[in-house]
Amino acid sequence: YGLSFYLTYLVHWPEYFKIAESSDGRVMGYVMGKSEGYNEKWHGHVTALSVAPEFRRLGLAGKLMAGLEDVSEKKRAYFVDLFVRVSNDVAVALYKKLGYTVYRRVLEYYSGNSSPMFEQDEDAFDMRKSLSRDPERKSMIPLEKPVRPEDVD
Amino acid sequence: FILQQNNKSDPRERRLKAIYDALDAGNNKKAIQEAEKVLRKEAGDSLCAKALRALALLRYGRLDEATAAASEVERVDTSEESVLQAMTYFYKESHRLDLIAAMYERAVQQQPKSEDLLTSLFMAHVRVLDHKKQQLTAAKLHRLAPSKNPYYFWSVMSVLMQATECGGELASKMLLPLAAKMAEAFRDRMNAEAEVQLYLMVLEMQERFEDCLATLDGPLSSLLSPQSTEMTRQQRMGYLEKLGRKQELADARWEDLTTEPNDWARWQSCIQSSINADISQGGDYVEADPRLSELQSRIDAIAAEHPGLSGPCLARLELMRRCPVSCRPETALSLMRSYFEAFASRPAVASDLLQFRSLLSDTDENSSPAKLLELIRPGLPEWPKAAADADRQQLVRDLTARINYEQLSRGLLNKPMDAEQRNAKVAELIQAYRANLLDGLRPTEVQPADDLLLLAVSLHYDAWLVEDAKQSETHLLQALYLLDEGLSGSPSNYNIMLWMIRLFIALGAWTPASNLYERLDVKQILLESVGFVLSRQVARCGLLSQGLVMLNNTAMFYKNNWRDIVEHLCTAYRIGNFRKVPELVALTDRVSSSLESVFCGLELRHQSLLLSGPNIVEGVYEMGAPPESSSSAESPQPAFDGLVDGRDFRLVREFRSDLLAATADASRLLEDERAWLLYRSLGLRCVSHLTRMATEMASTGSVTKQADAARALKQQLMEQSAGSTGDSLPAFDIEPHPCLPYPACLPAHFAAGSQALLAPAIDYFLNLLPPSTDNSSAGVADASSIDPLLESFDAQLAAVEVINADGGSAATAPVEPLFGQQLQRLSCLCESACLLSLVHELTAVALAGKLAMSKKQRRPYETFCRTVRSRIGDRINRAAAALEALEAVWKAKIGQAWTDADGQEETVGVGGDDGGQPKRRCRAKVDELLCQSRCRCLGEMLNLLRFRFSN
Numbered sequence: 001y002g003l004s005f006y007l008t009y010l011v012h013w014p015e016y017f018k019i020a021e022s023s024d025g026r027v028m029g030y031v032m033g034k035s036e037g038y039n040e041k042w043h044g045h046v047t048a049l050s051v052a053p054e055f056r057r058l059g060l061a062g063k064l065m066a067g068l069e070d071v072s073e074k075k076r077a078y079f080v081d082l083f084v085r086v087s088n089d090v091a092v093a094l095y096k097k098l099g100y101t102v103y104r105r106v107l108e109y110y111s112g113n114s115s116p117m118f119e120q121d122e123d124a125f126d127m128r129k130s131l132s133r134d135p136e137r138k139s140m141i142p143l144e145k146p147v148r149p150e151d152v153d
Numbered sequence: 001f002i003l004q005q006n007n008k009s010d011p012r013e014r015r016l017k018a019i020y021d022a023l024d025a026g027n028n029k030k031a032i033q034e035a036e037k038v039l040r041k042e043a044g045d046s047l048c049a050k051a052l053r054a055l056a057l058l059r060y061g062r063l064d065e066a067t068a069a070a071s072e073v074e075r076v077d078t079s080e081e082s083v084l085q086a087m088t089y090f091y092k093e094s095h096r097l098d099l100i101a102a103m104y105e106r107a108v109q110q111q112p113k114s115e116d117l118l119t120s121l122f123m124a125h126v127r128v129l130d131h132k133k134q135q136l137t138a139a140k141l142h143r144l145a146p147s148k149n150p151y152y153f154w155s156v157m158s159v160l161m162q163a164t165e166c167g168g169e170l171a172s173k174m175l176l177p178l179a180a181k182m183a184e185a186f187r188d189r190m191n192a193e194a195e196v197q198l199y200l201m202v203l204e205m206q207e208r209f210e211d212c213l214a215t216l217d218g219p220l221s222s223l224l225s226p227q228s229t230e231m232t233r234q235q236r237m238g239y240l241e242k243l244g245r246k247q248e249l250a251d252a253r254w255e256d257l258t259t260e261p262n263d264w265a266r267w268q269s270c271i272q273s274s275i276n277a278d279i280s281q282g283g284d285y286v287e288a289d290p291r292l293s294e295l296q297s298r299i300d301a302i303a304a305e306h307p308g309l310s311g312p313c314l315a316r317l318e319l320m321r322r323c324p325v326s327c328r329p330e331t332a333l334s335l336m337r338s339y340f341e342a343f344a345s346r347p348a349v350a351s352d353l354l355q356f357r358s359l360l361s362d363t364d365e366n367s368s369p370a371k372l373l374e375l376i377r378p379g380l381p382e383w384p385k386a387a388a389d390a391d392r393q394q395l396v397r398d399l400t401a402r403i404n405y406e407q408l409s410r411g412l413l414n415k416p417m418d419a420e421q422r423n424a425k426v427a428e429l430i431q432a433y434r435a436n437l438l439d440g441l442r443p444t445e446v447q448p449a450d451d452l453l454l455l456a457v458s459l460h461y462d463a464w465l466v467e468d469a470k471q472s473e474t475h476l477l478q479a480l481y482l483l484d485e486g487l488s489g490s491p492s493n494y495n496i497m498l499w500m501i502r503l504f505i506a507l508g509a510w511t512p513a514s515n516l517y518e519r520l521d522v523k524q525i526l527l528e529s530v531g532f533v534l535s536r537q538v539a540r541c542g543l544l545s546q547g548l549v550m551l552n553n554t555a556m557f558y559k560n561n562w563r564d565i566v567e568h569l570c571t572a573y574r575i576g577n578f579r580k581v582p583e584l585v586a587l588t589d590r591v592s593s594s595l596e597s598v599f600c601g602l603e604l605r606h607q608s609l610l611l612s613g614p615n616i617v618e619g620v621y622e623m624g625a626p627p628e629s630s631s632s633a634e635s636p637q638p639a640f641d642g643l644v645d646g647r648d649f650r651l652v653r654e655f656r657s658d659l660l661a662a663t664a665d666a667s668r669l670l671e672d673e674r675a676w677l678l679y680r681s682l683g684l685r686c687v688s689h690l691t692r693m694a695t696e697m698a699s700t701g702s703v704t705k706q707a708d709a710a711r712a713l714k715q716q717l718m719e720q721s722a723g724s725t726g727d728s729l730p731a732f733d734i735e736p737h738p739c740l741p742y743p744a745c746l747p748a749h750f751a752a753g754s755q756a757l758l759a760p761a762i763d764y765f766l767n768l769l770p771p772s773t774d775n776s777s778a779g780v781a782d783a784s785s786i787d788p789l790l791e792s793f794d795a796q797l798a799a800v801e802v803i804n805a806d807g808g809s810a811a812t813a814p815v816e817p818l819f820g821q822q823l824q825r826l827s828c829l830c831e832s833a834c835l836l837s838l839v840h841e842l843t844a845v846a847l848a849g850k851l852a853m854s855k856k857q858r859r860p861y862e863t864f865c866r867t868v869r870s871r872i873g874d875r876i877n878r879a880a881a882a883l884e885a886l887e888a889v890w891k892a893k894i895g896q897a898w899t900d901a902d903g904q905e906e907t908v909g910v911g912g913d914d915g916g917q918p919k920r921r922c923r924a925k926v927d928e929l930l931c932q933s934r935c936r937c938l939g940e941m942l943n944l945l946r947f948r949f950s951n
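In the order they appear, the protein sequences are chains A and B. Here the numbering used here is used: the first residue of the first sequence is 1, the next is one more, and so on. Here the numbering used here is used: the first residue of the second sequence is 1, the next is one more, and so on.
If you are wondering where the hints come from, they were derived from the structure by calculation, not from laboratory data. Keep in mind that a hint or two might mislead.
Stated by the list, open to error - FRET-style restraints, in silico, Cβ to Cβ:
(1) D153/A / K148/B: 28 to 34 Å
(2) K145/A / Q268/B: 50 to 56 Å
(3) L136/B / E119/A: 52 to 58 Å
(4) R590/B / V152/A: 34 to 40 Å
(5) R590/B / V86/A: 36 to 42 Å
(6) S529/B / D153/A: 34 to 40 Å
(7) D153/A / E93/B: 29 to 35 Å
(8) V86/A / T232/B: 38 to 44 Å
(9) D153/A / G440/B: 34 to 40 Å
(10) K145/A / E305/B: 49 to 55 Å
These figures come from a predicted structure and were not determined experimentally. Think of the CB as a built atom: it goes at the ideal place given N, C-alpha and C, for glycine as much as any other residue.
Next up, chain A with everything else stripped away, as it sits in the complex:
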């Protein structure tokens, strides 16, 4: 991301930045996010979660996510949501393990050519996990039909 993107988050939602450092001071991973929405759609959102390849399998992603969920709880959010490439089965499996479910599919959410790695447009799963303010888990009930990116609120 551009510096500006990070700064927008840092100025608006500094509480959502978490970083994990190794014992010898290297950055192992980080998470950033935000809170948004009105009424029962007031929620925390995971904008980026990243763990360096050499520090995978240490449970860092779970820890970082727990930190973000904790902040969202304190902000009295109803749920936390995130977007993930449908092909990224490793990440989807991880989020499922952490209690997230696929709420809906967003068509062609990721545009191609955004990085040398991905050349095709790709759909996203919008995954959600209810927080304690939504004990009946209403926000997690999946939608049947996929939506277009412009219809995502």
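Given the coordinates of chain A, assemble chain B onto it according to the supplied hints.
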């Protein structure tokens, strides 16, 4: 673009909308046309259309017209919002943020009671960090709307920033007390967390930490939000620390630890603050100090309570490191051993332990690093083998344990192996790597076994360091072949790519290195930490035109970032996130003092100068010659003090601490860079000075007094060269940590002999000048003044012969026709040649003017031109022929290599004992890339030389 549409039915608004739409769509040409249409219809009196036209012209790249259009708008004082907004965009995009403030100052004079205009003025001052004017504007806003808290606190924040900026007594005796008084006057009216935080910031700067604590515990704390608990907890501990309340701090830290007993940062703070608290109570620790054993048992208790956690286990070692009196090497060894045995199958265990290497003994065999390895070796799992039916998780765990062991032993033993050991180890690692590749990974995942391959690469690199680098490329090539194999299995492994970039550069191949750099997707803030892997090499590899693109991208990143950061600063004020204000201001400082930014900016100017076409004088000005103040010969040379080095040398993982040590000496590394920047900027100033002299002489017909100044600059340059070639600089062939750009730019440049040319070139220019009117004895032209220049150039031209010599050996040698370092000499030759041709042209410019020169005075100049042309022409032609022959030989070899690779089954990797040999296809591919890139580089350089001296 925020549209100003108060009345959509108004035909004038409709016409303006067409301009806005075109601008929004990025159709700047259409926007210009639409604006001109409006201006025709309204007889040129729509100020808004004029402003939008200026903006469209700017975006379309017609800068002169844009500036003219903008100054037409500037002549009219207006407070019309749409005009002000369009001009704000114009100024932002032309990097003239100062003019936004000036414009709003004028607007506010027209409408002094407008809250909107004053707010815009406030933000305009924020953008240029004018804290004093911010304060005054915020005060006006507060008087206009006394009930709105934000305006009031904007002025408190502005006073605080003035104090931060000026420091000293003015801050402590006047500004800070003022800010505190202002905040305290509003204590009862505070209604937002941001206001409480701002009050705390003022108290912190006044070092009133007791008051800070009291505020956190007092009624204002009700304004702090629940999500800030973590932050306030940290703040509270920070205040205790500042107040020296050591015991309380230690207690708070231990309590803090219990919630996260595996958080390493908390462990470190805990141990440190306990040591501080104990020592402050009664002198330093002694051996068998009961307080120490109490601390140890405290750690042990937490370790026992959380048996699966690594933090508490490492904490015992941390205590020993921080408190050497508590360290017994045999205990350290046993702790390290149990740590390894407990966590061997988890990633990064080797680097966890290697930080404690110094706790082991170098003298006592029983607690030595070798002993530790000997003890843990038997517990290792066998080398695993990936098979369809294998338990993948178990396999990865076993593999990780073996990798941890190999990394640990590289770091603990800390010295290169002998050739036999090394070959055996490479074979072992590569066979294990090939046996453990996993199927079905996503392209973004890396193969766990890659670390084995990278260790083998490090061993080849060691060998290259040990076995005189100049003699052989073999080890670098072997490493590259392996890396190519690794990359095909793990297309996103950045460690592999960084290594390949490093090695391709060492072998003089810019193109493949630059392609990998693109594949790494280095952009934005990564340019600061990673960009150096390529930016430092532009001058070495000869492909100037390609390097220019890279340098330009980096320069643009820094230029635009300043603008972006101050926009966020405005947002921080707008939403009242005052804690971020000083951070963002510090970030603007950080960006402008970035070493990478300064390096790329200077290098960009230098390379564009060298590449500027036949019209050199224009080129010098177009490249953005250094501003007057820094380029005039009298002004002091910029010292490049206070630069911040953001290069991340730990990018490429290395475990040998002796190699790592080279990256740790930050001041030495920065000093190397400064030496280079000084040298480069001095060179640029010389050239830009000569250019000014040449044009002045051409137009006035007389020699200016600036000749003395040019001599002074030359003197400085020679002094710096003399100082930099002394023994203080490292030898040319030192190649330590793989991430370091060694040899540093300056010694590499000098070793290639290119500093020898500039001084004689300047002399040549100055000596050609006819006697000046006021001092008839100075500068008499003399044919012999050319000799030193010709000599230096001749010596450099010998580098072209490298091609000839190696062209000969290529027929017999396998794949080592040319070394990266020799290529660097060629590249330096090119640089010199460009410079020479530049001075040469400047002389022509000077002489072509009204200068009256006698035939006698012209003679040396003409002789020089003839001599240079004939010498260069002859050598270039020979070199070009040699290059052609060389390329043919290379191509034939590579063609054969591909045939072999295609024709025969790869015998490696099928499980047999292949000795860790590279695959044939990888060899052929890498050799081909090297050949193409080297030939292209050489060809381009020869063309450049030919072009410069062909007429």
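These are the hints, each one checked on the structure:
For D153/A and K148/B, the Cβ-Cβ distance of about 31 Å falls inside the hinted range of 28 to 34 Å, so the restraint holds. Remark: the range hint 50 to 56 Å for K145/A to Q268/B is upheld by a beta-carbon distance near 52 Å. The hint said 52 to 58 Å for the Cβ distance between L136/B and E119/A, and at roughly 54 Å that hint holds. Range check, R590/B to V152/A: about 36 Å between beta-carbon atoms, so the 34 to 40 Å window is met.
Under the hint 36 to 42 Å, the C-beta atoms of R590/B and V86/A, about 39 Å apart, fit the expected range. Look at S529/B against D153/A: about 37 Å separates their beta carbons, and that is inside 34 to 40 Å. Between D153/A and E93/B the beta carbons are some 32 Å apart, a value that agrees with the proposed interval 29 to 35 Å. The beta-carbon spacing between V86/A and T232/B, approximately 41 Å, falls within the hinted interval of 38 to 44 Å.
A beta carbon spacing of about 37 Å between D153/A and G440/B agrees with the range 34 to 40 Å that was offered as a hint. Checked against the hint of 49 to 55 Å, the pair K145/A and E305/B passes, with Cβ atoms roughly 51 Å apart.
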